[in-house]
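**Q** If you want the building blocks of each chain, they are given just below.
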Amino acid sequence: MAESKAIAIQDFSYAYEGSRIIPVLKNIDLEVEHGEFVGIVGRMGAGKTTLCLAMNGIIPHYMGGYLQGTILVDGMDTRVYTPSDLALRTVGMVFQDPEAQFVRTTVLEEVAFGLENLGVPREEIIPRVEKALQQVGLWHLPKIMERSPFELSGGQKQRLSIACALVLKPKILILDEPDSNVDPVGVNEVFSLLAELKKNGLTTVVASHRVERLAMYADTIVVLNEGKIVMRGTPAEVFSEVERLMSIGERVPEVTEAAHLVEKDYRIARTGSKLPVKVDEGLVYFRSFLEYRKK
Amino acid sequence: MTNEDVVTTNNCWYTYNGQNYVLSGIDFRLGKGELVGMAGENGSGKTTLVKHFNGILRPSKGSVTVFGKDTTRISMARLSADVGYVWQNPNQQIFARTIREEIEFGPRNLHRFFRQITSEEVDTRVEEALEKFGFKQRAESSPYSLTYGERKFLCIASIWAMRPRLFIIDEPTTGVDPSTANKLREIIEELHREGCTVVTISHDIHFLTFFHRLVIMHDGKILLDGPTRKVFTNIDTIRVAGVDRPQVAELSSRLGDMPEDCLTPEEFANAFIHVYQTRKRVEK
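Residue numbers (the numbering used here), protein chains in the order written: chain D, -17 to 277; chain A, 44 to 327.
Honestly, I wouldn't trust all of these hints.
[Unchecked claim] For each label pair, taking beta carbons as the anchor points, the in silico distance ranges come out as:
(1) A:171 <-> D:-14: 53 to 63 Å
(2) D:123 <-> A:99: 25 to 35 Å
(3) D:17 <-> A:148: 37 to 47 Å
(4) A:68 <-> D:11: 58 to 68 Å
(5) D:81 <-> A:316: 42 to 52 Å
(6) A:134 <-> D:-14: 39 to 49 Å
(7) D:48 <-> A:303: 48 to 58 Å
(8) A:300 <-> D:177: 39 to 49 Å
(9) A:282 <-> D:214: 33 to 43 Å
(10) A:282 <-> D:183: 25 to 35 Å
[Claimed, not checked] Selected chain A positions facing chain D (in silico; Cβ < 10 Å):
(11) 222
(12) 270
(13) 291
(14) 310
[To be verified] Taking lysine-lysine and the BS3-like style, the derived pairs with C-alpha atoms no more than 30 Å apart in a straight line are:
(15) A:226 <-> D:246
(16) D:181 <-> D:151
(17) D:210 <-> D:8
(18) D:246 <-> A:323
(19) A:273 <-> D:246
(20) A:104 <-> D:260
These are computed hints drawn from the structure, not numbers from a lab. Computed from a predicted model, the values in this text were never measured in an experiment. The beta carbon of each residue, even a glycine, is placed where N, CA and C say it ideally should be.
Make the full structure from the sequences, and use the hints.
**A** The structure is reproduced here in structure tokens:
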């Protein structure tokens, strides 16, 4: 049953207004379980952002365009429920550039913004803002509530934008390249936060080019190419298809690529098993070659 | 200083607000034809430092010499003929109505204000840039009809049309996919082959591995500076600077018996096959 899924997308196609009806997404079928962590990879223009916008109702409500098929988010049809209905009840969205998202002059006002718009009573707002800032690990910063969102570091800004989504208590969080404007420390902060949130049962969909990180944290990888889902599976299943991914301009984790190159060598050639996608798996994998030799 | 120095900073300090120093006594030399990558956390001073190379910023204390000239004694407009700076965010750089006008702006000013090139030369350069960067068919379109990655190319194209001797590219890889990053890399390699000196800031370790020299900044200072391969072997210092090492470098140090300075999956695979073969021979 579709209702039991966090997200159920059925035969969904979409073309932007004024695009001469050239679809950006073509016949997408995708089901996301409650609590699942899904990573979406794909080249620029593959449809990642469009898919994210369709999952929280911005498409079609604010963008117009032409669509077919259905998207149910926690059982709610995105054609019927508006983005604010969806935001209030179930789904949070984090955009690529946090600065483009900030509209207020203090962190408190910024996080409270969504709640105010949804008419949440004043006495409820402050504790919820406090909790959201705790969740993203910003609460301990001195005078955080009074600070300007713009004076935070890159990683802190991105965590603030996640707090703005979390304050609405979403069951599902959709993030469009939350890691593209931050340094490696910021990327670590963002992904460890997402891993923490997953433990509390949050369903997470994140579009990202960071395959090494996705391999560490995601349950499922979805590969988009030219508006279609071309691959779907666990990180090991998907990233083991090294040549296929590279042929569509994707990268695989370095450790996977290294294993692929080693296996391709005629002196070592061995096939059939999945390739390692994380450093720890790589250690076991490469050691197994050397140990096998010892016997 | 030798004649071959492109940039020399001598005990360079900089503060934006008069209180906190963002650069604390930088001594840095950039030689002709070098291909340099620069990494470090947000706020470590990378962008502030490179903005001294084209005179957008001038040191609060100390001195910066670019192509033999003290930057406090030369206008930024003059410097821009020799030093091209590509902004991190293409949307902050792009302002013209069409792609052609965007590319034309720089060389046209070289002609108009400095008479460095003729009007015909301006036209030639614009055509060349349109051709080289693949904008020929879309020259009259708005820059905003381009994707984010294409806009980055446009920004590089418009600087390239000025034929600077020093190219500074600030975080070209943020928000671009792997195949666009590869194209950027080819363009940078080509600029370098044409004899340009190139400095590129990036957080993308995968991207940085092809630069010959790597500078790691931390807290307004240069923490590490040397051949890229060697810099990545300073495991502890790199960690302090908040910079990642290539995943295969991590893997080879933990695996043992492997060279510590593997930078790419290819290098790792070759080194591993070598180790494997050597063991095989020993066992026999």
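**Q** Do the alpha carbons of residue 181 (chain D) and residue 151 (chain D) lie within 30 Å of each other, as the hint requires?
**A** Distance of about 15 Å is within 30 Å: holds.
**Q** Given the hint that residue 246 (chain D) pairs with residue 323 (chain A), does the C-alpha gap stay at or below 30 Å?
**A** Cα-Cα ~18 Å, so holds.
**Q** Do the beta carbons of residue 81 (chain D) and residue 316 (chain A) sit within 42 to 52 Å of each other?
**A** Because 47 Å falls inside the window, the suggested range holds.
**Q** Check the following: the C-beta atoms of residue 282 (chain A) and residue 214 (chain D) are separated by a distance inside 33 to 43 Å.
**A** 35 Å, holds
**Q** Taking 30 Å as the top limit, are the C-alpha atoms of residue 210 (chain D) and residue 8 (chain D) close enough?
**A** 5 Å, holds
**Q** Decide if the proposed pair is consistent with the structure: residue 104 (chain A) and residue 260 (chain D), CA atoms, cutoff 30 Å inclusive.
**A** Violated, at about 47 Å.
**Q** Looking only at beta-carbon atoms, does the pair residue 134 (chain A), residue -14 (chain D) fall within the given range of 39 to 49 Å?
**A** Check passed, 43 Å falls within 39 to 49 Å.
**Q** Just to be careful: measuring from the Cβ of residue 222 (chain A) to every Cβ in chain D, is the smallest value less than 10 Å?
**A** 4 Å, holds
**Q** For the hint on residue 291 (chain A), does the least C-beta distance to chain D fall short of 10 Å?
**A** With a minimum Cβ separation of about 5 Å from chain D (threshold 10 Å), the hint on residue 291 (chain A) holds.
**Q** Going straight from one Cα to the other, do residue 226 (chain A) and residue 246 (chain D) come out at no more than 30 Å?
**A** Distance ~26 Å between residue 226 (chain A) and residue 246 (chain D) Cα, so the pair holds.
**Q** Given a hint of 58 to 68 Å, does the C-beta separation of residue 68 (chain A) and residue 11 (chain D) actually sit inside it?
**A** 59 Å, holds
**Q** Using Cβ atoms only, decide whether residue 310 (chain A) comes closer than 10 Å to chain D, and label the hint accordingly.
**A** Status holds, d = 9 Å.
In summary, the structure is inconsistent with hints 3, 8, 12, 20 from the numbered list given earlier, while agreeing with the others.
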